[in-house]
Each structure stands twice: as structure tokens, then as C-alpha cells.
Amino acid sequence: MISLTLLHPTKSVPIQSWTFESESVIKIGRSTDNHVVMYSAVVSRHHLELINKPEGWEIVNYGTNGTYVEGEPIAQAAVVDGMVIRLGESGPKIRIRIGVADPNASRTQPRSPGSRQNKHKEQVTFITNPQRENSPESPSE
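Going letter by letter, the sequence shown gives residues -15 to 125 in this note's numbering.
No wet-lab data here; the hints were simulated from the structure. Keep in mind that this is a model prediction, so the values were computed, not measured. Glycine included, C-beta positions come from ideal geometry on N, C-alpha and C. There may be inaccurate statements among the hints.
[Stated by the list, open to error] Computed spacing ranges between beta-carbons, pair by pair: (1) Gly40 with Thr(-6): 29 to 37 Å; (2) Pro57 with Lys37: 17 to 25 Å; (3) Ile82 with Glu56: 16 to 24 Å; (4) Glu42 with Asp17: 15 to 23 Å; (5) Glu5 with Gly55: 15 to 23 Å; (6) Ser74 with Pro38: 18 to 26 Å; (7) Val(-3) with Glu39: 30 to 38 Å; (8) Val84 with Ala25: 26 to 34 Å; (9) Val53 with Val84: 18 to 26 Å; (10) Lys37 with Thr(-6): 30 to 38 Å; (11) Ile(-1) with Gln60: 23 to 31 Å; (12) Glu5 with Thr48: 14 to 22 Å; (13) Pro57 with His(-8): 17 to 25 Å; (14) Thr48 with Val68: 33 to 41 Å.
Make a model of the complete structure from these sequences and hints.
Here it is in C-alpha cells:
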């Protein structure tokens, strides 16, 4: 099992989560034929794949704006439980958990790529101009 959790852009708190029980490849991108669809200007139509290999999960970047781990761009990398990846330098952040569901996130059923009957609103994530914490438009806490 592998779980993906979309994190808030400035506070790193869970926004949405997807859990995959048996998939060997998980596709993430802007196009609706991905398992996880993210609408963001910095996310490519087919941004990355998570591939379950005998030696463990691997990330393969296909995105024009890159995929980042700890601020460094990667072409491919081994997945480490709890790692956070970023789609593009300023795009969505996703925490990856292996073998367990993320207990802090609300769960969303993953979609089947290309599945027309699975197009529910909660399965698509829109990322548009996240407010910065210091921004005057940002609500005070």
C-alpha cells in the first residue's frame, strides 16, 4: 500500500489524501487520465509516475517544471517513507507514505486513469495562487 497526501502550500498540513492498495504504477499530473489529477500551472499533463519495483517504490519525473525532493530537482529517485516531493519549484507538495495510510489526512478514493464514471469533484485538486502567510489578503489566525 502507498498513500499520497497533498499538503497545504504554506502550512504543510494535510488537505487531501489518496491510498493505493495494489497499483504497480501511479500517475500524477494535470490530465484527467492520471490516478491523481492536480490542476496547477506548474504541473505537467503527465508530471510523474510512482513505480512499484521489486526493490521498492521509485519516482520518475516527466514534468517540464521538474519534481523536487528537499529543494533539489530529481529525474528519478527511490521513495523513502514519509518523504515530501514538490511538483515544480513552487507547485503542490505531496507526502508519500509506504505501507500505511496517512492518519492526519482526509481520504479520497483514487481514480482509475481515463475512467469517465469516476469523475467526482472531490477527486480533482485545483491549486491556484496560494496565499502566502505574510500576505495582507491572508486571514489572520
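Status of the hints after comparison with the structure:
1. Gly40 with Thr(-6): 29 to 37 Å: For Thr(-6) against Gly40, whose Cβ atoms are near 31 Å apart, the range 29 to 37 Å holds.
2. Pro57 with Lys37: 17 to 25 Å: 21 Å, holds
3. Ile82 with Glu56: 16 to 24 Å: Because 21 Å falls inside the window, the suggested range holds.
4. Glu42 with Asp17: 15 to 23 Å: The hint (15 to 23 Å, Cβ to Cβ) holds, given that Glu42 and Asp17 are roughly 21 Å apart.
5. Glu5 with Gly55: 15 to 23 Å: 31 Å, violated
6. Ser74 with Pro38: 18 to 26 Å: Because 35 Å falls outside the window, the suggested range is violated.
7. Val(-3) with Glu39: 30 to 38 Å: 32 Å, holds
8. Val84 with Ala25: 26 to 34 Å: 32 Å, holds
9. Val53 with Val84: 18 to 26 Å: 20 Å, holds
10. Lys37 with Thr(-6): 30 to 38 Å: Since Lys37 and Thr(-6) have Cβ atoms about 34 Å apart, the given range 30 to 38 Å holds.
11. Ile(-1) with Gln60: 23 to 31 Å: About 26 Å separates the Cβ atoms of Ile(-1) and Gln60, which means 23 to 31 Å holds.
12. Glu5 with Thr48: 14 to 22 Å: 31 Å, violated
13. Pro57 with His(-8): 17 to 25 Å: 22 Å, holds
14. Thr48 with Val68: 33 to 41 Å: The hinted range 33 to 41 Å is violated for Thr48 and Val68, with Cβ atoms some 21 Å apart.
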